[in-house]
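With the hints as constraints, model all of the structure from the sequences given.
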Amino acid sequence: MSSSKKQQLAICKAALEALQTKIDEAEQERKTAKTQLEKAIQEGKAVSSYEKLLDSATAFLTGLQSKEKELLKRESQLTRSPSTSDDEMQEIPPKGSPKRRKVDDLIEKSKRYLFRTERWGCVTVIKKRRAVTFAHTEHSSLQPGMSMKIYSTEGNVEYDVKVVKTNAESDWVLLESDVDLCEKEPIWEPVVDGHRYVQLGLSALHQQESPFAISTGVISSQRPNMFGHTLGSSGANPGDSGGGCFDQSSGCLVGINVGCENASFNPDMDTVTQTYHKISTRFATRAHIIPINSFQFV
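Be aware that the sequence shown starts at 1, since it is given in the UniProt record's numbering, and climbs by one per residue.
Derived from the structure by calculation, the hints contain no laboratory data. Check before you lean on any hint, since a few could be wrong.
With beta-carbon atoms standing in for the labels, derived distance ranges [to be verified]:
| id | residue 1 | residue 2 | range |
| --- | --- | --- | --- |
| 1 | 178 | 136 | 46 to 52 Å |
| 2 | 99 | 223 | 24 to 30 Å |
| 3 | 160 | 228 | 27 to 33 Å |
| 4 | 40 | 227 | 36 to 42 Å |
| 5 | 178 | 142 | 17 to 23 Å |
| 6 | 73 | 146 | 41 to 47 Å |
| 7 | 146 | 60 | 54 to 60 Å |
| 8 | 119 | 145 | 17 to 23 Å |
| 9 | 250 | 97 | 16 to 22 Å |
| 10 | 95 | 145 | 44 to 50 Å |
| 11 | 94 | 21 | 49 to 55 Å |
| 12 | 119 | 66 | 47 to 53 Å |
| 13 | 228 | 128 | 22 to 28 Å |
| 14 | 127 | 95 | 40 to 46 Å |
In silico lysine to aspartate or glutamate, DMTMM-like type, Cα no more than 20 Å apart, as pairs [stated by the list, open to error]:
| id | residue 1 | residue 2 |
| --- | --- | --- |
| 15 | 128 | 70 |
| 16 | 127 | 108 |
| 17 | 95 | 105 |
All C-beta atoms in this analysis are idealised placements derived from N, C-alpha and C, irrespective of residue type, glycine included.
Listed below in structure tokens is the structure:
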């Protein structure tokens, strides 16, 4: 099962769990309404208000059960049926395939631009003497003029860099070195809707053979959001922020990943259609990518 389908299935299960709580509560409310109606009949009271209460509780419960039925159907589809998007969204093509060889070649060429901090946060070289990392968590206190050390992931060479500029809203920190960080700087290219990309990260520190976390995705929206981020389908894990995203066809650097967002489910507000969309969309977990051209004039 692909990573994309696993994410969809996890969201579906979470939605079912949340919905079950609502169903239990609705069943209890219906029982209470039914008891009150029966008591009113026995006592010879006017029953119209109690009948309306029971009808309302029954209708609400029926609606929730209908949602549950649709979600169970979707869960079954995700568990048993292959999705046409699985091959398209597969993180890494099968070994030995031409696409896999091309991706492997791109990864090897791109690794030279992935550096790390002392706490294994990702830093991506964007020019010979300039690099970018994320501005959240341990980097939120960084200010222009401050110094820090970064290390190449190939050879573990130490470099002293200084903070040139920060942007907390867009979540990036621009770093500068007095010496070259690479022999040949990466070629930049704009993000393009529908283009596949390879994302490098360091979220796989548990792997003995390599700390690299490699995934692929599709640019789902090249138009920047309010934070200046474009969106991609690869998602991200803690340790991937600050990693570079490279166009799978050209090998050019197109952006810097700074995190992801997960589709949320609200059993009170979401309609069946809205819930279905959140679960079935292949972009249920979307990576936030800073377009590389954002650093053209900084």
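Here is how each hint holds up against the structure:
| no. | hint | verdict |
| --- | --- | --- |
| 1 | 178 - 136: 46 to 52 Å | violated (27 Å) |
| 2 | 99 - 223: 24 to 30 Å | holds (28 Å) |
| 3 | 160 - 228: 27 to 33 Å | holds (28 Å) |
| 4 | 40 - 227: 36 to 42 Å | violated (57 Å) |
| 5 | 178 - 142: 17 to 23 Å | holds (18 Å) |
| 6 | 73 - 146: 41 to 47 Å | violated (54 Å) |
| 7 | 146 - 60: 54 to 60 Å | holds (56 Å) |
| 8 | 119 - 145: 17 to 23 Å | holds (21 Å) |
| 9 | 250 - 97: 16 to 22 Å | holds (19 Å) |
| 10 | 95 - 145: 44 to 50 Å | holds (47 Å) |
| 11 | 94 - 21: 49 to 55 Å | violated (41 Å) |
| 12 | 119 - 66: 47 to 53 Å | holds (49 Å) |
| 13 | 228 - 128: 22 to 28 Å | holds (24 Å) |
| 14 | 127 - 95: 40 to 46 Å | violated (34 Å) |
| 15 | 128 - 70 | violated (54 Å) |
| 16 | 127 - 108 | holds (18 Å) |
| 17 | 95 - 105 | holds (13 Å) |
Taken one by one, the earlier hints fail for this structure at numbers 1, 4, 6, 11, 14 and 15, listed in ascending order.
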